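K.L.:
Residue strings, one per chain:
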Amino acid sequence: MAKLVKHRSEFKSRLKRHKSLIPFVLPAVVFALVFSYLPMVGILIAFKDNPNFGRYDVFEAFTKAGWTMENFEKLFSDPEILRYVKNTLIISLMKIIILFPLPVVLAIMVSEIRNRHFSKWVQGLVFLPHFFSWVVIVGIFNNIFGLYGPINNLSVALGGEPIYYMGEPAWFRWLVVILSGWKEIGYSSIVYIAAITSIDPALYEAAKIDGAGKFKQIWCVTIPSIMPTIIVMLIIRIGYLMDAGFEQVYAMINSLTRETGEIIGTYVYRLGLGTGSRDYGLSTAVGLVNGVISLILILGANRLSKKRMGSGIW
Amino acid sequence: MKNNTFIARSKIKDAPVFHVINTILLVVISLVCVLPFLNVLATALSTAGNQINFWPKGFTWGNFISVFTNGGFWRAMGVSFLVVVCGTLLSVTVMFSAAYALSKPDFPFRKGLMVFFIIVMIFSGGMVPNYLVVNSLGLTRSPLALILPSVVQVYNLILIKSYLQGLPPELEESAKIDGASNLQIMFKILFPVSMPCVASVSLFTAVTFWNNYTSALIYLGTEEKWYPLSLFILNYIQSEPDALVGTWENIQKANIEAAMIVLSIIPILVVYPFVLKFFTKGVTVGSVKG
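In the order they appear, the protein sequences are chains U and Y.
Residue numbering for the first sequence is 1 to 314, as defined by our numbering.
Residue numbering for the second sequence is 315 to 604, as defined by our numbering.
Bear in mind the hints are in silico, worked out from the structure with no lab data behind them.
Because the structure is a prediction, the values reported are computed rather than measured.
There could be a bad hint or two in this list.
[Stated by the list, open to error] Heads up, simulated BS3-like pairs for lysine-lysine below, C-alpha to C-alpha not over 25 Å straight-line: (1) U:Lys16 - Y:Lys502; (2) Y:Lys425 - U:Lys19; (3) Y:Lys502 - Y:Lys371; (4) U:Lys307 - Y:Lys425; (5) Y:Lys539 - Y:Lys567.
[To be verified] Quick list of simulated restraints, FRET-style, between CB atoms: (6) U:Lys208 - Y:Pro419: 43 to 49 Å; (7) U:Asn153 - Y:Phe588: 44 to 50 Å; (8) Y:Pro587 - U:Asn153: 29 to 35 Å; (9) Y:Ala494 - U:Trp219: 53 to 59 Å; (10) Y:Val342 - U:Lys208: 24 to 30 Å; (11) Y:Glu487 - U:Lys120: 36 to 42 Å; (12) Y:Lys502 - U:Ala202: 41 to 47 Å; (13) Y:Ile433 - U:Gly167: 36 to 42 Å; (14) Y:Thr407 - U:Asn153: 29 to 35 Å; (15) U:Arg114 - Y:Pro587: 33 to 39 Å.
Beta carbons are placed, not taken as given, at the ideal position from N, Cα and C, and that holds for glycine.
With the hints as constraints, model all of the structure from the sequences given.
P.N.:
Next up, the structure:
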């Protein structure tokens, strides 16, 4: 009891001392409340009979609609939605399996460069694509993979038939992986380059004295030294499994590639806010289930990484 | 990169074959990063119907002229600049002042507020609820919809906060003895000292605002008047060319697209050298601590 009183009075004195700081944090709190927390209340729409928000204002439409679980029943039985869940997982897993190791390889290669200017140039060039919007990158690769682009020019020159890659369902996921790799491999390698820089050079000298060649040095010194970083990055990456990349896929997809390319994010947009159908209830329900699974994955990832490394995402 | 590592490692003269192959591969990788940009530039300078690799065919300035005379393009670029400048100023100011309060270890609501902000980072109401809130605030027909919902950038908040916590406490204490208020301390002392951190955070925020098209897509709907450049170009790319109308703009659609893309990446290329400078200072990497 005495402890509690002491704790309370201590809190009061701290509050008194820092009262003048409250206005500093207030704007951020207000913005977060209005634009992040208020929409969380809106999740209740998922439990409503498809409310006709188009015609009434939000509160009127909300109170008029009845409560229902129909949206969730539909969501777990509709083969169309299940296909988009499958697409999301396939694209996400392809990105992880194919793309995750490449920044590590690139970082090792970059850190082996001896000429400082060459190193600066290589880094400057490989980080660059990260800073362009998906619109720019999809626009560029529409041409690269287009009927008159270099890829088709090459295959035609070799006697093949031109292919409209951007409209081929069988190619879509591969293109997503290729474009994503082109944009992000360089930038993702920064973390590993930084980790390699902090390895003690004496370790390499020792390995050399033991007669280790270049590959042996990389295998026995570099990789074990950056393994903790690799593991944490992998854990975090898996935490974002449910996010297959809305901005990328939305910019790439067209009516021809919907079957293999539509992911949960683009479906939620098309269903809720796209032209034509406006099913707020179902769209919110799909978004909610996706969000909750993501939340669990990210919290798990953060916990795991804190346990292994002592530092998490936050 | 740390210089001492460079010097120490470059003394090791071994495996010449490895280094030759490594260099060749890195040159190839760098080319793979650059060639697509050459292709888009070549396409922007070509007439339609040519097989274009990395050099223009049927050279013309017509695509650029067509974009220059397109009022919508310039309007969208203006909107983008407006959003980048206002959005970055507002977001960084709000995040900096919040970070200032939260950097005090005995600020009474510190723990609770950090949880409050981290929830913002990892969970959201979803597209439809976000849209409905912005809509009922009457923002869906205004460029404010592109700015206000993106003001809270929790990652930046954490970055600035850990930077401020790393500053020596004497900095503030001496000012406090002189009777400076919190506002004076923040603006006159901490803000200038934090310039490397603030500059890099601002730069990254600006690039994010410039590239983002999702906000416009969700909140603006068909209100094309306020489309930022990114969504304007995407809209143009996704529009079906009307093959029956044989105007120059229709035949040249892919090439005009390329010209728009080239023009839209120039601002990024202008700030890119500064972005690179911050990497070498290590301000952005590995400085996040709770």
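K.L.:
Hint by hint, say whether it matches the structure.
P.N.:
We went through each hint and held it up to the structure:
Proximity of Lys16 of chain U to Lys502 of chain Y is assessed by CA-CA distance (about 24 Å); at most 25 Å being required, the pair is judged to hold. Restraint check: the Cα-Cα separation between Lys425 of chain Y and Lys19 of chain U comes to about 16 Å, which is no more than 25 Å; the hinted pair holds. Of the supplied pair hints, the one linking Lys502 of chain Y and Lys371 of chain Y is violated, its CA atoms being roughly 57 Å apart against a limit of 25 Å. As the CA atoms of Lys307 of chain U and Lys425 of chain Y are separated by approximately 20 Å, the hinted pair is consistent with the 25 Å bound.
Distance hint between Lys539 of chain Y and Lys567 of chain Y is fulfilled; the C-alpha atoms sit about 21 Å from each other, no more than 25 Å. Take Lys208 of chain U and Pro419 of chain Y: their Cβ atoms lie about 46 Å apart, and the range 43 to 49 Å holds. Distance hint check: the CB atoms of Asn153 of chain U and Phe588 of chain Y are about 37 Å apart, inconsistent with the given range 44 to 50 Å. In this structure the hint that Pro587 of chain Y and Asn153 of chain U lie 29 to 35 Å apart at CB holds, the actual value being about 33 Å.
Judged by the Cβ atoms, the range 53 to 59 Å given for Ala494 of chain Y and Trp219 of chain U holds: they are separated by roughly 56 Å. Look at Val342 of chain Y against Lys208 of chain U: about 28 Å separates their beta carbons, and that is inside 24 to 30 Å. As the Cβ distance of Glu487 of chain Y to Lys120 of chain U is approximately 41 Å, the hint placing it in 36 to 42 Å holds. For Lys502 of chain Y and Ala202 of chain U, the Cβ-Cβ distance of about 46 Å falls inside the hinted range of 41 to 47 Å, so the restraint holds.
Range check, Ile433 of chain Y to Gly167 of chain U: about 41 Å between beta-carbon atoms, so the 36 to 42 Å window is met. Taken as a hint, the range 29 to 35 Å is violated for the pair Thr407 of chain Y and Asn153 of chain U, whose Cβ atoms sit roughly 50 Å apart. Under the hint 33 to 39 Å, the C-beta atoms of Arg114 of chain U and Pro587 of chain Y, about 24 Å apart, miss the expected range.
Checked against the numbered hints given earlier, this structure breaks hints 3, 7, 14, 15; the rest are met.
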